[in-house]
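Asks: So you can see what is in the structure, the chains are spelled out below.
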Amino acid sequence: MMETLDLNLLLPAGMSRRQALRALAAAAGAGALPAAAFAQERTLNYFTWSSWAEKPFIEQAEAKVKLDLKPTFYSSSDEMMAKLRGGGTKLYDMIVPVQNYVHIAARANLLEPLDPAKMTHRKDLFPEFRDDPRWSLNGKLYGVPFVWGANAMAYNRKVTGDIDSMDALFDPKFKGRIALRDEPEDSLGLAALKLGIKEPYKMDEKALQEVKKLLISQKPLLRAYWKNIADVQNMLASGEVVVAWTMLAVIEPLKKAGIDAGWVWPKEGAIGWSEAVSAVRGTKKLAAVEEYANFTLSPEHGEMMARYLGYAPSSKAAVDRLEPELVTSLGIDPKAVNRLTFKDIPLDRSRWNDIWNEVKAA
Amino acid sequence: MAARKARDFAAASAFLVPPALWIGVLFILPMATMALLSFWKVVDYNIVAEWTLANYERLIRPLYLGIFWRTIKLALIVTFISMIIGYPVAYFLARKTKRFRLTLLVLVILPLWTSYLVRTYAWMLILGTNGAINQTLQALGLTHEPVAWLLYSDFAVTLALVHIYVPFFILPLYAVLEKLDPRLLEAAKDLGGGRWRTFLHVTLPLSLPGIATGCLFVFIPSMGAFVTPELLGGARSIMIGSVVAQQFGVSFDYPLGSAMSLAILAIILVFATLFLRAGKPAGAA
Numbered sequence: 001m002m003e004t005l006d007l008n009l010l011l012p013a014g015m016s017r018r019q020a021l022r023a024l025a026a027a028a029g030a031g032a033l034p035a036a037a038f039a040q041e042r043t044l045n046y047f048t049w050s051s052w053a054e055k056p057f058i059e060q061a062e063a064k065v066k067l068d069l070k071p072t073f074y075s076s077s078d079e080m081m082a083k084l085r086g087g088g089t090k091l092y093d094m095i096v097p098v099q100n101y102v103h104i105a106a107r108a109n110l111l112e113p114l115d116p117a118k119m120t121h122r123k124d125l126f127p128e129f130r131d132d133p134r135w136s137l138n139g140k141l142y143g144v145p146f147v148w149g150a151n152a153m154a155y156n157r158k159v160t161g162d163i164d165s166m167d168a169l170f171d172p173k174f175k176g177r178i179a180l181r182d183e184p185e186d187s188l189g190l191a192a193l194k195l196g197i198k199e200p201y202k203m204d205e206k207a208l209q210e211v212k213k214l215l216i217s218q219k220p221l222l223r224a225y226w227k228n229i230a231d232v233q234n235m236l237a238s239g240e241v242v243v244a245w246t247m248l249a250v251i252e253p254l255k256k257a258g259i260d261a262g263w264v265w266p267k268e269g270a271i272g273w274s275e276a277v278s279a280v281r282g283t284k285k286l287a288a289v290e291e292y293a294n295f296t297l298s299p300e301h302g303e304m305m306a307r308y309l310g311y312a313p314s315s316k317a318a319v320d321r322l323e324p325e326l327v328t329s330l331g332i333d334p335k336a337v338n339r340l341t342f343k344d345i346p347l348d349r350s351r352w353n354d355i356w357n358e359v360k361a362a
Numbered sequence: 001m002a003a004r005k006a007r008d009f010a011a012a013s014a015f016l017v018p019p020a021l022w023i024g025v026l027f028i029l030p031m032a033t034m035a036l037l038s039f040w041k042v043v044d045y046n047i048v049a050e051w052t053l054a055n056y057e058r059l060i061r062p063l064y065l066g067i068f069w070r071t072i073k074l075a076l077i078v079t080f081i082s083m084i085i086g087y088p089v090a091y092f093l094a095r096k097t098k099r100f101r102l103t104l105l106v107l108v109i110l111p112l113w114t115s116y117l118v119r120t121y122a123w124m125l126i127l128g129t130n131g132a133i134n135q136t137l138q139a140l141g142l143t144h145e146p147v148a149w150l151l152y153s154d155f156a157v158t159l160a161l162v163h164i165y166v167p168f169f170i171l172p173l174y175a176v177l178e179k180l181d182p183r184l185l186e187a188a189k190d191l192g193g194g195r196w197r198t199f200l201h202v203t204l205p206l207s208l209p210g211i212a213t214g215c216l217f218v219f220i221p222s223m224g225a226f227v228t229p230e231l232l233g234g235a236r237s238i239m240i241g242s243v244v245a246q247q248f249g250v251s252f253d254y255p256l257g258s259a260m261s262l263a264i265l266a267i268i269l270v271f272a273t274l275f276l277r278a279g280k281p282a283g284a285a
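Those protein sequence lines, which keep their order, are chains A and B.
Numbering-wise, the first sequence is residues 1 to 362 according to the numbering used here.
Numbering-wise, the second sequence is residues 1 to 285 according to the numbering used here.
Just chain A, with the same shape it has in the complex:
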């Protein structure tokens, strides 16, 4: 295995995999190395968010690390969990979880730990992501985040002007044109930040009740709670909503649709997330998964991702490759990481769900 890896790294750039295989087969003597088995070894079944399997990502993996990624998609963390539990561990080699699902998935025995020594690009990361405790459990490493971001506020600048505070989400001026996310961790979390609660995911019952009161008082101002990212994008695009708690992914499509869309991490704080490549329990291709996980931390992968999708790489070396204006316009100021509250598993999850349902039913 290692030998073939080294051979791959030595291949001249621009050589296609097929050519490489042929050359390799010739070098090793025809028949000595079954080409099919080799290709099989370099093919990874990749269960992921659609963004990470867009063309440039697949092509880069093929060109730079000679890995053939076969993607299947999920559109929410629960879908990922449900499908892994429902037999997905036999189908997939790697996934891209969000940080608050790592401990859950590891405890549910769905993940295979990674060898830290293989993560050679780790040293180039911002310190916040190099040793993020959310990605380890009981001394075992389950991923090193290659990307991070925040759930925060999108707004229609033409209507709202520039915004820097969550107050806009509670402003009667925008009555009936505000949207929040239908998800307890996001919405109770942001309300806690608004109330100045330092560690939202460790809230006690008293704080939860205050958060509930705040969210119920906001309801007459709301247009809707959105469930799906496409829905909130539609609401903002059609003008149903002028300010919403959402994800960065809506901004580019809105701009393309001619909306003067603004994006801000309000001064009260924003909800952070990070994602990494993790190995699925029982994969037979752990070494290849580790190789790809490490590659996602490389400067070239980070740069491509930032330029193509506008997401923030965790790699300092990658951010250094970007023009300062681009870094600012993408809102990926790494110095701001400490302003984020990373999403965590609440202490009492079912209590959070009940509180959230109480808000919605009020």
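Wrong hints could be hidden among the right ones.
To be verified - Facing chain A, from chain B, some residues (calculated, C-beta under 8 Å): (1) Asp44; (2) Ile81; (3) Met83; (4) Tyr152; (5) Phe252.
Stated by the list, open to error - These stretches of chain B come out as covered by chain A in the derived footprint (C-beta under 8 Å, 3 or more residues): (6) 64 to 71; (7) 126 to 132; (8) 188 to 199.
Stated by the list, open to error - In silico lysine-lysine, DSS-like type, Cα no more than 30 Å apart, as pairs: (9) A:Lys173 <-> A:Lys158; (10) A:Lys118 <-> A:Lys83; (11) A:Lys70 <-> A:Lys284; (12) A:Lys219 <-> B:Lys73; (13) A:Lys206 <-> A:Lys219; (14) A:Lys213 <-> B:Lys73; (15) A:Lys255 <-> A:Lys194; (16) A:Lys212 <-> B:Lys41; (17) B:Lys280 <-> B:Lys96; (18) A:Lys90 <-> B:Lys41; (19) B:Lys73 <-> A:Lys175; (20) B:Lys96 <-> A:Lys83; (21) A:Lys173 <-> A:Lys198; (22) B:Lys73 <-> A:Lys212; (23) B:Lys73 <-> A:Lys140; (24) A:Lys202 <-> A:Lys158; (25) A:Lys198 <-> A:Lys219; (26) A:Lys256 <-> A:Lys206; (27) B:Lys41 <-> A:Lys206; (28) B:Lys41 <-> A:Lys202; (29) A:Lys284 <-> A:Lys118.
What the hints contain is simulated information worked out from the structure, not anything from laboratory work.
Every residue, glycine too, gets a C-beta built ideally from N, C-alpha and C.
Following the hints, complete the assembly by docking chain B onto the known chain A.
Replies: Structure of chain B alone, referenced to chain A:
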């Protein structure tokens, strides 16, 4: 004789096994799993087989009782409106058309050919603040501000559910009305019954089974609806179907979700009994 009996038995079994398997695997097994799950609990994202009534206790708290009540009310309203709209359509189709009957029937079924989701999204385009209705109203000068409550409201959810389920009311009723014995209507006429009297005393009572079936077909899916309220509902339009979906999704609480599903099933059984009892044709014991 004995051989023949055995052969008959074998033949009967051959016919009975597939449906029995079908019902067993696709209906009884999942139901039993759910019933079992509803007495278990979740610890650390793992379902633990420890007996508990906690899920049912959570269910009868005011929060979830309130959501159940809201859902029943909305489902009944949807059923009622479907009846008001569906009855005349079915009546017209069954009794007043000849040449265009097939075409009209196809028109009733036609919406079912497009996905439920597409039809729900279509309502967004119609009802939105910049949607077809609001643009027309404003162009006609009837309103200056767009009417906001058209979309993301109980109104939108009710409208879409009626639109989606009304064919299920029309079709069974149509089947009953179409088979109505014309001699009974003639007899009513001969005996001096006017149009309305004939309708009220002959047609309507005879069509009760169709009405009951139609009501059931609309009420059951409305009770469980979750896509429509999530897409078209506003901040207050929570329905129990969404809460169940949430338990099997974000919340990862299969036991609570199972308990809720069984509760929905129980509610449906109660209403089904009521509908079917009310729908017994007049004169039948």
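Asks: Quick one, are lysine 96 of chain B and lysine 83 of chain A close enough, alpha carbons at most 30 Å?
Replies: Status violated; Cα separation ~52 Å.
Asks: Would the hint linking lysine 280 of chain B and lysine 96 of chain B be met if the CA-CA limit is 30 Å?
Replies: holds (25 Å)
Asks: Quick check on the hint: tyrosine 152 of chain B CB to chain A CB, less than 8 Å?
Replies: Cβ of tyrosine 152 of chain B sits 4 Å from chain A, so the hint holds.
Asks: Has the given pair, lysine 41 of chain B with lysine 202 of chain A, been kept, meaning a C-alpha gap of at most 30 Å?
Replies: With a Cα-Cα distance of about 23 Å, the restraint between lysine 41 of chain B and lysine 202 of chain A holds, given a limit of 30 Å.
Asks: Next pair to validate is lysine 41 of chain B with lysine 206 of chain A; report whether the Cα-Cα distance is within 30 Å.
Replies: This hinted pair holds, its Cα atoms lying about 26 Å apart.
Asks: Between lysine 118 of chain A and lysine 83 of chain A, is the straight-line Cα distance small enough, at 30 Å or below?
Replies: holds (28 Å)
Asks: Are the Cα atoms of lysine 212 of chain A and lysine 41 of chain B separated by 30 Å or less?
Replies: Holds. Lysine 212 of chain A to lysine 41 of chain B sits at ~26 Å (cutoff 30 Å).
Asks: How about the segment 64 to 71 of chain B: do at least three of its residues have a C-beta closer than 8 Å to a C-beta of chain A?
Replies: holds (count 4)
Asks: So if I understand the rule, the pair passes when the alpha-carbon distance is 30 Å or less; does lysine 202 of chain A with lysine 158 of chain A pass?
Replies: violated (38 Å)
Asks: Measure nothing beyond the straight line between the CA atoms of lysine 173 of chain A and lysine 158 of chain A; if it is 30 Å or shorter, mark the hint as holding.
Replies: holds (14 Å)
Asks: Check whether the Cα positions of lysine 256 of chain A and lysine 206 of chain A lie no farther apart than 30 Å.
Replies: violated (44 Å)
Asks: Given the hint that lysine 206 of chain A pairs with lysine 219 of chain A, does the C-alpha gap stay at or below 30 Å?
Replies: holds (20 Å)
Figure legend: structure checked against the earlier numbered hints; hints not met, in rising order: 2, 3, 8, 20, 23, 24, 26.
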